[in-house]
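*Asks:* Generate the whole structure from the sequences, applying the supplied hints.
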Amino acid sequence: MKLLTAFSMACAIAMAAATPVEQALERSTVIGQTPDFGYDELLILQQGFWERFKYPNNLKEAESINSTMFSEDVQGRVSDTRNFAGRELNTEYIFGLFTPSDATSIIGRPGDHEIVQFVGVKNIAVASTRVNFTFPSFRNISLPVRIDTWLTWNEAREISQYDVTFRWFGYLFQTLIASLNPADPLEAQKAAVTAMATSVCNTHTTYCNGTSSQYESRDECFNFLTQQIRVGQSFELGMNTLMCRSVHEIMIKYRPDVHCPHIGKTGGGMCDDSIGYEEKVTEKYFVNSPWMLQ
1 MKLLTAFSMA
11 CAIAMAAATP
21 VEQALERSTV
31 IGQTPDFGYD
41 ELLILQQGFW
51 ERFKYPNNLK
61 EAESINSTMF
71 SEDVQGRVSD
81 TRNFAGRELN
91 TEYIFGLFTP
101 SDATSIIGRP
111 GDHEIVQFVG
121 VKNIAVASTR
131 VNFTFPSFRN
141 ISLPVRIDTW
151 LTWNEAREIS
161 QYDVTFRWFG
171 YLFQTLIASL
181 NPADPLEAQK
191 AAVTAMATSV
201 CNTHTTYCNG
211 TSSQYESRDE
221 CFNFLTQQIR
231 VGQSFELGMN
241 TLMCRSVHEI
251 MIKYRPDVHC
261 PHIGKTGGGM
271 CDDSIGYEEK
281 VTEKYFVNSP
291 WMLQ
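Read in order, the letters of the sequence shown correspond to residues 1 to 294 in the working numbering.
Incorrect hints may appear among the rest.
Using 35 Å as the maximum straight-line C-alpha spacing, the simulated DSBU-like pairs for lysine-lysine come out as follows [as the list claims (entries may be wrong)]:
| # | residue 1 | residue 2 |
| --- | --- | --- |
| 1 | Lys253 | Lys60 |
| 2 | Lys280 | Lys190 |
| 3 | Lys265 | Lys60 |
Hints in this document: simulated from the structure, not taken from any laboratory.
*Replies:* Structure follows, in structure tokens:
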């Protein structure tokens, strides 16, 4: 008993002498214990993510194929799209998706950020961040975008889970479309649909060949995207819509064999109507770390 007490006192003295970061590391390496980084370090980690998300820093992350920002078994969810599992897929969608592209898309290029609201406890960081985006496909207009994030970090300071919502995305979507023709919203939407469908079909022609091919001809592709499926509302970026296929188009250059099916007729498990509202709301997805801590 005395030996155990002496050992505990020695550990306490050593922890007291360590820096706050060293103390957090010591606490986080206890087997089976949720990492305890503390508010200050979680804020630093959160800031670090947005710095790497910013263009052109995101180019480096995308080119790495497997960004060390994420754990190997990372689980991600973005409210208006789908779930993304694994380091490689998340590197593509979180960093690669927001790099310059020839695609005509609602996806913008991220710039400076400001964390507006933040709370951090143990390994959980919750934030609302305003990120300035430039939208090349919409006359290069610049708009602030509010992004709400829940992140968990593992012992190695890698993101092990994230749950993300783009706040007021429908309003942003409407603003972007209207910018093409402020005087005539209907004509603006027609122009956007034609431009995005043409872009998706051009990308399919360039990259989706052989076993990756989804359409027999460019005309078939364009007809399907503009006549046989709906354009999609702002919450339908993970459903059977043109908007969903437009988002996934940007990913094709990274791995055509994986991403070409996402712009095809079936949607490749990313762009279909297989998930209903109730299932989406009640889904139990995250298993890497608890979101509620005592």
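*Asks:* Run every hint past the structure and note whether it holds.
*Replies:* Outcome of the hint check:
1. Lys253 x Lys60: Judged against 35 Å, a Cα distance of about 16 Å means the pair holds.
2. Lys280 x Lys190: holds, 30 Å
3. Lys265 x Lys60: holds, 33 Å
Of the numbered hints stated above, none is contradicted by the structure.
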